[in-house]
Amino acid sequence: MNRIQKQFSERLNRGEKLFVPYIMAGDGGLGVLEERLTFLEQNGAAAIEIGIPFSDPVADGPTIQKAGIRSLKEGTTLKSTLIKIGEIRSSINVPLVIMTYMNPILAYGIDQFVVNMEKVGVDGCIIPDLPIEEEDILATKLEEAGIELIRLVTLVTPKERVEKIAKKGQGFLYTVTIKGITGIRNEFDKSLVNFLEMVKEVSNIPVVAGFGVSTAEQVKELSLNCDGVVVGSRIVDLFYENKLDEIAELMKAILIEEKVFRG
Amino acid sequence: MTTYTLPDERGHFGVYGGKFVPETLIQAITELEEAYLKFREDKDFLEDLRNLSTDYVGRETPLYFAENMTNYANGAQIYLKREDLNHTGAHKINNTIGQALLAIRMGKRKIVAETGAGQHGVATATVCALLNLECVIFMGAEDIRRQELNVFRMELLGAKVVSVEAGSETLKDAVNEALRYWVANVEDTHYLLGSVMGPHPFPMMVRDFQSVIGKETKRQFLKKNNKLPDAVIACIGGGSNAMGMFFPFIEDETVQLYGVEAAGHGLNTEKQAASLTKGVPGILHGALMYLLQDEHGQIQEAHSISAGLDYPGVGPEHCFLKDIGRVKYESITDVEALEAFQLLAKLEGIIPALESAHAVAFALKQAATMNSDESLVICLSGRGDKDVHTVRERLKGSEKK
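Note that the protein sequences, when read in sequence, are chains B and S.
Following the UniProt record's numbering, the numbering of the first sequence begins with 1 at its first residue and continues without gaps.
Following the UniProt record's numbering, the numbering of the second sequence begins with 1 at its first residue and continues without gaps.
Hints were generated in silico from the structure; no laboratory data involved.
Accuracy of the hints is not assured; some may be wrong.
Unchecked claim - Straight line, CA to CA, 25 Å or less: simulated DSS-like cross-link-like pairs of lysine-lysine:
id, chain 1, residue 1, chain 2, residue 2
1, B, LYS141, B, LYS79
2, B, LYS79, S, LYS278
3, S, LYS271, B, LYS73
4, B, LYS79, B, LYS66
5, B, LYS141, B, LYS168
6, S, LYS218, S, LYS43
All chains, full assembly: derive it from the sequences and hints.
Structure, rendered in structure tokens:
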């Protein structure tokens, strides 16, 4: 069993919800990666998404675009990030998921990408510009290596397609909660609750919601209707501003919700 | 060649093309594909398209025998397909009219588009004015500075021009931003992509709307000469005028097809836009295609004196045609294009777009290697009024040196 399945099911069986933070590798240099991952793990992260910078990130909003540019200026590459993960993997226990676009993977070489992810202990990857129609170039090789391809569904994905996508994965299903790109939003689309209920109903794997989650209230509100949340832009901002307390506060929201849930 | 039927059902040309887009866009491009496949056979749609092409755009455009240029080149007979005579001054409008008519039939009255130099933006704003559609154009901040006049044109036509301050602030960033806008407004908005690029069905659909160029050329040439030309030449940025010109000739193997890329300061410098010659296959803006990129897969900035060729990728069908050898891809530098620009003005009284001047420059070289009983056609994709300022500055600069 993959580390994602194992750790997620343990947490969910204890009645906990999943908090999955996103960070941009190399924002602040790869030297801070270990302390950031450790911090997130200690504050209850169920898994951590590690973004690899790309020059043209069409699915990302301004915050992650800017973090990507900062990271590229530091000279971060897919290769250097995987090497760094290999060096520090033994001190981190939570599942690690790489998030990047197809082109850096193609340039690195698909085979080399899969082999080295397995070697350094990466548990999954999310590729926003790889819909199921095109995933054959990568999915089988990932599966053979025991690495989860985390697929996305969105508010505009019809039910039959959600079913089809949910059946393909074993890790978790990433539900995009806004009709847009990553970034901070003030309110969610009204149809979101219904949509999350539908996704939960058809999916046999954990459903985690993300894109536009930025406040403790949103974390609580969303996690009521699914298994957990991904927080990206807000965490990236807070690390950049060095406001670690606020990150801890945000991550606690999911645990507080949990107590209410149990009580 | 056997019958050419690409793209396949999944939108692939060999390994190229496809739909490498975020899940949020899958529904939109699926809907678009279904609508296009339906309406491309629809009598009313085709009649609307034909009527506007005739009465509004001014088709068909002439196929002109350039006698002075032929004498100058001292080789093959040279013909010009005069796409510069279309309304708005370039081939771009063939596609914008088609897509706008399709958007209306899909119930979408809002249009978003990207533009580099502003030509596609102007052609889009024009049809939106004509058909009463809301129009938002994304344009890189750097391009806005370089092409102030085209920004004003688009605004005169009622479009909202949004400055893109991300990345290199040029065309590729405008595409990124237009895609992001489309992701967020997908329900009531059509993305009117300007070239044979992006995810399926765009490369196929834009090619089809532009293939009126090649169809007319073939008919006109046959009528004048009772045979086909020996060579057909077109410039390539994203590659829409070239694809429209080449497509009807693909199965005619006696016709040699040449695509001309921008070599900028030279192929061996970083300031060039020759994606097919210098790029390697990769994925950007929804398709697998040749891309200018570094060893880590980061996209590089393209350079050409002609803003319309200034793009680090190239349409997936061109990538396929290169690999199978059906089309030969050559390149022309800024300096060569500038010479051809002036030469065509003096010899024929036609000021070409700097983009088209690349095709002219290569055609002159090629014609000289051919016999006088052979002939070639140049796709003169646009007129050069928009470039007069750039050329003047450039020539003033070189005088000083």
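Hints and how they fare:
no., hint, result
1, B:LYS141 <-> B:LYS79, "holds (18 Å)"
2, B:LYS79 <-> S:LYS278, "holds (23 Å)"
3, S:LYS271 <-> B:LYS73, "holds (21 Å)"
4, B:LYS79 <-> B:LYS66, "holds (21 Å)"
5, B:LYS141 <-> B:LYS168, "holds (14 Å)"
6, S:LYS218 <-> S:LYS43, "holds (24 Å)"
Violated hints are absent here; each numbered hint is respected by the structure.
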